[in-house]
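Be aware that the sequence shown starts at 1, since it is given in full-length UniProt numbering, and climbs by one per residue.
Hints are computed from structural coordinates only; laboratory data are not their basis.
Keep in mind that the hints are not guaranteed to be accurate.
Computed Cβ-Cβ distance ranges for the label pairs, DEER-style [to be verified]:
#1 SER19 / PRO256: 53 to 61 Å
#2 ARG70 / LEU163: 31 to 39 Å
#3 ASP48 / ALA257: 57 to 65 Å
#4 PRO256 / PRO226: 49 to 57 Å
#5 ASP4 / GLU222: 17 to 25 Å
The beta carbon of each residue, even a glycine, is placed where N, CA and C say it ideally should be.
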Amino acid sequence: MSLDKVVAGPEAAVADIPSGASLAVGGFGLSGIPWTLIEALLAQGADDLLVVSNNCGVDGAGLGLLLEERRISRVIASYVGENKEFARQYLSGELTVELTPQGTLAERLRAGGAGVGAFFTPTGVGTLVSEGGLPWRYDTEGNVELASPAKETRVFQGREMVLEEAIVTDVALVRAAVADRAGNCVFHAAARNFNPPAAMAGRLTIVEAEQVVEVGALGPDEVHLPGVFVQRVVELTPEQAQHKDIEKRTTRGERPATAAQGAS
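Assemble the whole structure, with the sequences as input and the hints as a guide.
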């Protein structure tokens with residue numbers, strides 16, 4: 001593969017993603033999500049998608065856009081979050097949802113990228129996570145149509161643990177602050193979140209980068225994700241790079257003056 005992995009644009013990057021593909025998508029809430037690649041995939045038209053992500057965006061933004069257009073058939077995530085349409089589709093039997101503990105989900109993705117088939121963890125032992133019965137899909141009457149199976153458990157050093165399978169997806173979509181032309185990536189602060197493990201899990205990993213630099217511009221200790229995990233890099237325009245919404249903006253009114261402040 002050529003060392004230069006930069007492609008013409010987001011449309012070209014996602015053009016060959018087929019219907020029925022599985023996607024690992026980086027981000028947490030709306031922090032660090034691949035805004036531009038998601039919108040390009042929405043325009044591209046692929047449907048019946050299996051999405052693995054911490055959550056499924058929010059109403060009207062991020063993965064929520066694909067959800068609203070009925071392009072997602074199954075989600076593996078940690079929580080329903082702020083997305084009312086996600087909850088509605090799940091509870092009305094329109095969407096299959098495999099809820100997974102957050103740390104377990106991150107490790108399932110990382111393990112997939114590291115070539116580890118499965119691992120044991122104490123998280124979820126003694127609950128429906130290990131014993132089975134978590135509702136994955138409801139019917140239209142609200143009855144459980146598909147439930148999670150029981151998982152193998154074993155004792156290690158006196159502690160019971162549950163076996164969790166690694167996740168490998170057809171494609172991964174992630175966002176980086178900086179990437180070089182070979183795909184080495186740097187993430188900014190909290191936007192690092194699920195992006196590295198999601199990128200590792202994809203057989204084809206596409207990165208949208210706010211800034212693209214030449215190979216050698218990044219020091220080895222700066223790199224958060226090695227380019228070996230990346231096949232395509234999309235350089236965002238300045239306008240695309242500024243697209244960073246948040247779920248909720250909370251402001252506080254002016255504080256009333258204290259007695260001490262009033263006397264000063």
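Results for each hint:
Between SER19 and PRO256 the beta carbon distance is about 58 Å. The supplied range of 53 to 61 Å therefore holds. ARG70 and LEU163 have their C-beta atoms about 33 Å apart, which keeps the hinted 31 to 39 Å range intact. Remark: the range hint 57 to 65 Å for ASP48 to ALA257 is upheld by a beta-carbon distance near 60 Å. Between PRO256 and PRO226 the CB atoms are about 53 Å apart, so this pair conforms to the stated range of 49 to 57 Å.
Checked against the hint of 17 to 25 Å, the C-beta distance between ASP4 and GLU222 comes to roughly 20 Å, which is consistent with it.
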